[in-house]
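> Sequence:
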Amino acid sequence: MAVAAVCAQSVPVTEVDTSAGGALYQANCMACHQVTGDGITAAFPPLREHVATLLQAEGGREYLLAVILFGLTGEITVTGRTYSGLMPSWSHLSDGQLADVVNYVATAWGNGELLPRDYPAVTADDVAHARMGALDPGRVHELRRTLRLD
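According to numbering that gives the first Met the number 0, the sequence shown holds residues 0 to 149 in order.
Hints may contain errors.
[Said to hold, decoys possible] Pairwise CB distance ranges (calculated):
1. CYS31 x GLU141: 16 to 24 Å
2. GLY137 x ARG116: 35 to 43 Å
3. ASP117 x SER83: 34 to 42 Å
4. ALA56 x SER9: 14 to 22 Å
5. SER90 x MET29: 18 to 26 Å
Just so you know, these hints were derived from the structure itself, not from any lab.
Model, not experiment: these values are computed from the prediction.
Where a beta carbon is used, it is the ideal one built from N, C-alpha and C, also for glycine.
From just these sequences and the hints, can you work out the full model?
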């Protein structure tokens, strides 16, 4: 069983089927981050290009998982614009569903082209491991600050 998990981990994100994640994105994320991934100026940050930047930052993958699992509150800067609000926790979704959403946003809107060719897809096991962190939205904001993502 451990071998299967290792093999699944090494699948490049650009080679996974993201249709389930796309449907989940439309149902849960699109109202704020928009169908284009551009967000809403001064209200909700863009995911286009920013997700690829996050995923490539040291600790960024873990941070992104923390955001969707535990939410985020506090001021952040994305592409030179400041956002201050609350990203809700989506921890009510299953580990597999959250992995699907992350893989979708990692490849949508050209993000996949900005990642290294072999960037590994997020798995349900990755989400389950991150879920054990049991952070709150303020601690997720602190994590972002320590990673110097702004």
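> With reference to the structure, classify each hint as holding or not holding.
Status of the hints after comparison with the structure:
1. Our hint of 16 to 24 Å for CYS31 and GLU141 holds, since their Cβ atoms are close to 22 Å apart.
2. In this structure the hint that GLY137 and ARG116 lie 35 to 43 Å apart at CB holds, the actual value being about 36 Å.
3. Checked against the hint of 34 to 42 Å, the C-beta distance between ASP117 and SER83 comes to roughly 36 Å, which is consistent with it.
4. Taking the beta carbon of each, ALA56 and SER9 are about 21 Å apart, inside 14 to 22 Å as hinted.
5. Hint check: SER90 to MET29, Cβ distance near 19 Å, so the stated range 18 to 26 Å holds.
Hint compliance for this structure: every hint is met.
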